[in-house]
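> Here the protein sequences line up with chains A and B, keeping their order.
In this text, residue positions in the first sequence follow the numbering used here: the first is 1, and each later residue adds one.
In this text, residue positions in the second sequence follow the numbering used here: the first is 1, and each later residue adds one.
Don't read these hints as lab results, they were simulated from the structure.
Computed from a predicted model, the values in this text were never measured in an experiment.
From the three backbone atoms N, C-alpha and C, an ideal C-beta is built for every residue, glycine too.
Don't take every hint at face value.
Chain B is faced by these chain A residues, among others (derived, beta-carbon under 7 Å) [stated by the list, open to error]:
| id | residue |
| --- | --- |
| 1 | K42 |
| 2 | G43 |
| 3 | P44 |
| 4 | N67 |
List of simulated lysine-lysine pairs, DSBU-like, C-alpha gap at most 35 Å [to be verified]:
| id | chain 1 | residue 1 | chain 2 | residue 2 |
| --- | --- | --- | --- | --- |
| 5 | A | K57 | B | K71 |
| 6 | B | K11 | B | K57 |
| 7 | B | K14 | A | K42 |
| 8 | A | K100 | B | K11 |
| 9 | B | K57 | B | K71 |
| 10 | A | K100 | A | K5 |
| 11 | B | K71 | A | K68 |
| 12 | B | K11 | A | K42 |
| 13 | A | K71 | A | K57 |
| 14 | A | K68 | A | K15 |
A few chain B residues that don't get close to chain A, going by computed Cβ distances all over 10 Å [stated by the list, open to error]:
| id | residue |
| --- | --- |
| 15 | V19 |
| 16 | R22 |
| 17 | D24 |
| 18 | E28 |
| 19 | H29 |
| 20 | Q41 |
| 21 | F45 |
| 22 | E68 |
| 23 | G72 |
| 24 | T102 |
| 25 | Q103 |
| 26 | V113 |
| 27 | L114 |
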Amino acid sequence: QQQVKQSPQSLIVQKGGISIINCAYENTAFDYFPWYQQFPGKGPALLIAIRPDVSEKKEGRFTISFNKSAKQFSLHIMDSQPGDSATYFCAASRGMGAQKLVFGQGTRLTINP
Amino acid sequence: DTGVSQNPRHKITKRGQNVTFRCDPISEHNRLYWYRQTLGQGPEFLTYFQNEAQLEKSRLLSDRFSAERPKGSFSTLEIQRTEQGDSAMYLCASRPAGAQETQYFGPGTRLLVL
Chain A
1 QQQVKQSPQS
11 LIVQKGGISI
21 INCAYENTAF
31 DYFPWYQQFP
41 GKGPALLIAI
51 RPDVSEKKEG
61 RFTISFNKSA
71 KQFSLHIMDS
81 QPGDSATYFC
91 AASRGMGAQK
101 LVFGQGTRLT
111 INP
Chain B
1 DTGVSQNPRH
11 KITKRGQNVT
21 FRCDPISEHN
31 RLYWYRQTLG
41 QGPEFLTYFQ
51 NEAQLEKSRL
61 LSDRFSAERP
71 KGSFSTLEIQ
81 RTEQGDSAMY
91 LCASRPAGAQ
101 ETQYFGPGTR
111 LLVL
């Protein structure tokens with residue numbers, strides 16, 4: 001059972017544009033929602049994360065929007081730059097126990113100069 | 001570099017051979033995770049340690065897989081009688097004790113089974 005669904009699978013954005021990646025989850029017990037960035041040959045690195053008690057979190061050019069009733073959250077990258085070209089993963093975990101991360105399938109983002 | 005380290009970075013083996021990977025977590029991180037990532041997919045949870053205790057294992061972890069963290073520091077993941085379907089990137093992550101949820105990932109070990 002796929003618990004976190006991510007879209008689109010790939011995305012091409014012009015430099016300076018806004019990149020938007022969406023995720024939907026099924027398990028209402030999830031209470032931590034991070035976004036990871038992964039470059040080829042590297043492990044995932046945390047970009048930004050949100051808990052469901054807030055609807056939006058912004059860090060620099062990266063913003064997470066969270067809709068608890070719809071069980072959806074999204075990543076917005078403002079003023080997208082070629083260096084942002086990478087694969088992005090949304091994830092979710094429960095607060096109790098192992099807090100293992102359940103990842104989406106990933107979005108390959110390409111920023112054209 | 002004080003990040004999570006994994007060795008080897010790449011491993012090519014023949015079907016039926018045993019392989020072992022090592023993960024050194026960030027110092028004083030008492031929680032350690034193993035994930036598997038196949039091409040074009042997100043990482044999938046395999047197992048979790050709190051100190052030396054293995055507290056949770058995924059159903060993905062067949063009896064050919066075994067993980068240890070003998071002294072609560074580094075961890076090893078062994079795959080016995082490898083199959084072509086085991087070809088993947090094996091990622092290790094660590095996290096400190098307490099409420100902070102961030103998991104810090106290593107660079108991974110890429111396994112190719114011929």
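> Now look at each hint and say whether the structure bears it out.
Hint check:
1. This hint holds: A:K42 has a C-beta 6 Å from the nearest C-beta of chain B, less than the 7 Å allowed.
2. Among the interface hints, the one on A:G43 holds; its C-beta lies about 3 Å from the nearest C-beta in chain B, closer than the 7 Å criterion.
3. This hint holds: A:P44 has a C-beta 5 Å from the nearest C-beta of chain B, less than the 7 Å allowed.
4. Restraint check, A:N67 versus chain B: the minimum CB separation of about 21 Å is more than 7 Å; hint violated.
5. With a C-alpha separation of about 39 Å, the suggested pairing of A:K57 with B:K71 is violated against the 35 Å cut-off.
6. Our distance criterion of 35 Å between C-alpha atoms is met by B:K11 and B:K57, whose separation comes to about 24 Å.
7. The straight-line distance between the Cα atoms of B:K14 and A:K42 is roughly 25 Å, inside the 35 Å bound, and the hint therefore holds.
8. The hinted pair formed by A:K100 and B:K11 meets the criterion: a straight-line CA distance of about 26 Å does not exceed 35 Å.
9. In summary, the hint linking B:K57 to B:K71 is supported, as the alpha carbons are separated by about 19 Å, within the 35 Å threshold.
10. Among the hinted pairs, A:K100 with A:K5 is consistent with the structure: their alpha-carbon atoms are about 17 Å apart, no more than 35 Å.
11. At roughly 41 Å between alpha-carbon atoms, B:K71 and A:K68 are farther apart than 35 Å, so this suggested pair is violated.
12. The hinted pair formed by B:K11 and A:K42 meets the criterion: a straight-line CA distance of about 16 Å does not exceed 35 Å.
13. For the given pair, A:K71 sits about 16 Å from A:K57 by alpha-carbon distance, which is consistent with the 35 Å threshold.
14. Straight-line distance between C-alpha atoms of A:K68 and A:K15 comes to about 31 Å, which keeps the hinted pair within the 35 Å bound.
15. Once the 10 Å rule is applied to beta carbons, B:V19 is consistent with being away from chain A; the minimum gap is 19 Å.
16. Distance to chain A confirms B:R22 as a non-interface residue, since its nearest Cβ pair spans about 15 Å, more than 10 Å.
17. No Cβ of chain A comes within 10 Å of the Cβ of B:D24; the nearest lies about 13 Å off, and the non-interface call holds.
18. Against chain A, the non-interface label of B:E28 holds: every CB pair exceeds 10 Å, the least being about 18 Å.
19. The Cβ of B:H29 sits about 13 Å from the closest Cβ of chain A, beyond the 10 Å cut-off, so the non-interface label holds.
20. Not every Cβ of chain A is farther than 10 Å from the Cβ of B:Q41; the closest lies at roughly 6 Å, contradicting the non-interface assignment.
21. Interface exclusion of B:F45 from chain A breaks down, the closest Cβ pair being 4 Å apart, not more than 10 Å.
22. Here B:E68 stays apart from chain A, with its beta-carbon at least about 17 Å from theirs, past the 10 Å limit.
23. Once the 10 Å rule is applied to beta carbons, B:G72 is consistent with being away from chain A; the minimum gap is 16 Å.
24. The beta carbon of B:T102 is not kept farther than 10 Å from every beta carbon of chain A, the shortest such distance being approximately 5 Å.
25. With a least CB separation of 6 Å from chain A, B:Q103 falls inside the 10 Å interface cut-off, contrary to its annotation.
26. With a cut of 10 Å on Cβ distances, B:V113 stays outside the contact zone with chain A, its closest approach being about 19 Å.
27. With a minimum CB-CB distance of about 21 Å to chain A, B:L114 clears the 10 Å threshold, and the non-interface call stands.
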